[in-house]
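**Student:** What follows is the residue order along each chain.
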Amino acid sequence: MAMPAKKSVVKKPAKPKAAKPKAKSAAKAAASEPIKKLRIQDLERIRDKARSLATIRNSEGRAKVTVHMGTCGIAAGARDIMDALLDEMRKRDVNDVIVTTSGCAGFCNREPMATVEIKDQPPVKYVDLTPDKIRKILAEHVLGGQIVAKCALAVGSETLY
Amino acid sequence: MMEDLSLHILDIVENAVAAGATRIAVSVTEDERRDLLLIRVADNGPGMSKRALRRALDPFFSTKGKRTGLGLPFLAQAAEQCGGRMTLRAAPGRGTAVTSRFRYGHIDRPPLTNMKGTLLTIILGHPEIVLVYTHRRGERTFRFRSRTPPGPSGPAVGLGASSIAAVSDALEGGLRRLGRT
Numbered sequence: 000m001a002m003p004a005k006k007s008v009v010k011k012p013a014k015p016k017a018a019k020p021k022a023k024s025a026a027k028a029a030a031s032e033p034i035k036k037l038r039i040q041d042l043e044r045i046r047d048k049a050r051s052l053a054t055i056r057n058s059e060g061r062a063k064v065t066v067h068m069g070t071c072g073i074a075a076g077a078r079d080i081m082d083a084l085l086d087e088m089r090k091r092d093v094n095d096v097i098v099t100t101s102g103c104a105g106f107c108n109r110e111p112m113a114t115v116e117i118k119d120q121p122p123v124k125y126v127d128l129t130p131d132k133i134r135k136i137l138a139e140h141v142l143g144g145q146i147v148a149k150c151a152l153a154v155g156s157e158t159l160y
Numbered sequence: 000m001m002e003d004l005s006l007h008i009l010d011i012v013e014n015a016v017a018a019g020a021t022r023i024a025v026s027v028t029e030d031e032r033r034d035l036l037l038i039r040v041a042d043n044g045p046g047m048s049k050r051a052l053r054r055a056l057d058p059f060f061s062t063k064g065k066r067t068g069l070g071l072p073f074l075a076q077a078a079e080q081c082g083g084r085m086t087l088r089a090a091p092g093r094g095t096a097v098t099s100r101f102r103y104g105h106i107d108r109p110p111l112t113n114m115k116g117t118l119l120t121i122i123l124g125h126p127e128i129v130l131v132y133t134h135r136r137g138e139r140t141f142r143f144r145s146r147t148p149p150g151p152s153g154p155a156v157g158l159g160a161s162s163i164a165a166v167s168d169a170l171e172g173g174l175r176r177l178g179r180t
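If you read the sequences in order, they're chains Z and L.
The first sequence begins at 0 in numbering that gives the first Met the number 0 and counts up one residue at a time.
The second sequence begins at 0 in numbering that gives the first Met the number 0 and counts up one residue at a time.
Hints are computed from structural coordinates only; laboratory data are not their basis.
Hints may be right or wrong, so weigh each one.
Claimed, not checked - For each label pair, taking beta carbons as the anchor points, the in silico distance ranges come out as:
{"no.": "1", "chain 1": "Z", "residue 1": "Ala148", "chain 2": "L", "residue 2": "Ala164", "range": "18 to 24 Å"}
{"no.": "2", "chain 1": "Z", "residue 1": "Lys90", "chain 2": "L", "residue 2": "Gly178", "range": "23 to 29 Å"}
{"no.": "3", "chain 1": "L", "residue 1": "Pro58", "chain 2": "Z", "residue 2": "Ala148", "range": "46 to 52 Å"}
{"no.": "4", "chain 1": "L", "residue 1": "Asp107", "chain 2": "Z", "residue 2": "Ala138", "range": "24 to 30 Å"}
{"no.": "5", "chain 1": "Z", "residue 1": "Asp131", "chain 2": "L", "residue 2": "Gly172", "range": "24 to 30 Å"}
{"no.": "6", "chain 1": "L", "residue 1": "Ala164", "chain 2": "Z", "residue 2": "Arg61", "range": "41 to 47 Å"}
{"no.": "7", "chain 1": "L", "residue 1": "Arg22", "chain 2": "Z", "residue 2": "Asn94", "range": "24 to 30 Å"}
Every value quoted in this text rests on a predicted model; they were computed, and no experiment measured them.
Built from N, CA and C at the ideal position, the CB exists for glycine as well.
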């Protein structure tokens, strides 16, 4: 009966000794990278920013075109797609389409990519774009309502062409 | 490495926007006499932790899931290949500044050609941010500041063909005066 009690007395102090240096290094790391506490004023600022952004993004546009601008997209020619899209919008005097950029969509080998969202319709992802293709997509899908199936990868998140 | 330095600038700015920056200052200095091309992108975003800063130049390192993690390593490689270097300054809550120095006349230096395309993409793709662009070439300087409408001066940035035309014309005029379009 006495043996297990002696063993436990010997083992117990050993564990905290080994754990102490780790706890100290973690505490040092946390101290070197302080987490900023949010104040009420910060929350108000975040709310105002989100509200102004939502006004810009949602109020006037009937459609939104997102050109994917990750490193992969940029290297594959996404800026030329954006240039062509803006040029075509300027030529056609389009005033109710929102154009924006986002990061990598996850299909780096199919870049340049763009996503077209029209109100009350599922988004359509277009892949392997060229300036001519994005001009066609603007004319036929964004302005005309007809999906350009040859260039489309998917509608929504499940239907594949 | 990308074919044009303006593509690197676009990539770094897109990273800053994705990280939550609302004000980004891009400055380009072309000094042929000192054989120097200096590109600096500074933002007011959340900055980087010490760990992220240590690993920022490691290829494929990213703090966000889907990103490729090659933007900064590409730029550093481009600078080093032509006798320059890239430096990174960042602290949590204090933004990030990326500075790249290139030897202006080095044969391997990528060209800086389509800054107009890069600036149009940033300004019209992100009307919610303020972009301050300063380009010095020799004795001449071009400055452009974007903002969301309404505002007292400069072309308004917003939706539509008129905004595209206003920003495009302002950039083209300014860059042409520098001999850059």
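**Student:** Indicate, hint by hint, whether the structure satisfies it.
**Tutor:** Against the structure, the hints come out as follows:
{"no.": "1", "hint": "Z:Ala148 to L:Ala164: 18 to 24 Å", "verdict": "violated (32 Å)"}
{"no.": "2", "hint": "Z:Lys90 to L:Gly178: 23 to 29 Å", "verdict": "holds (27 Å)"}
{"no.": "3", "hint": "L:Pro58 to Z:Ala148: 46 to 52 Å", "verdict": "violated (37 Å)"}
{"no.": "4", "hint": "L:Asp107 to Z:Ala138: 24 to 30 Å", "verdict": "violated (41 Å)"}
{"no.": "5", "hint": "Z:Asp131 to L:Gly172: 24 to 30 Å", "verdict": "holds (28 Å)"}
{"no.": "6", "hint": "L:Ala164 to Z:Arg61: 41 to 47 Å", "verdict": "violated (20 Å)"}
{"no.": "7", "hint": "L:Arg22 to Z:Asn94: 24 to 30 Å", "verdict": "holds (27 Å)"}
Checked against the numbered hints above, the structure violates hints 1, 3, 4, 6; every other hint is satisfied.
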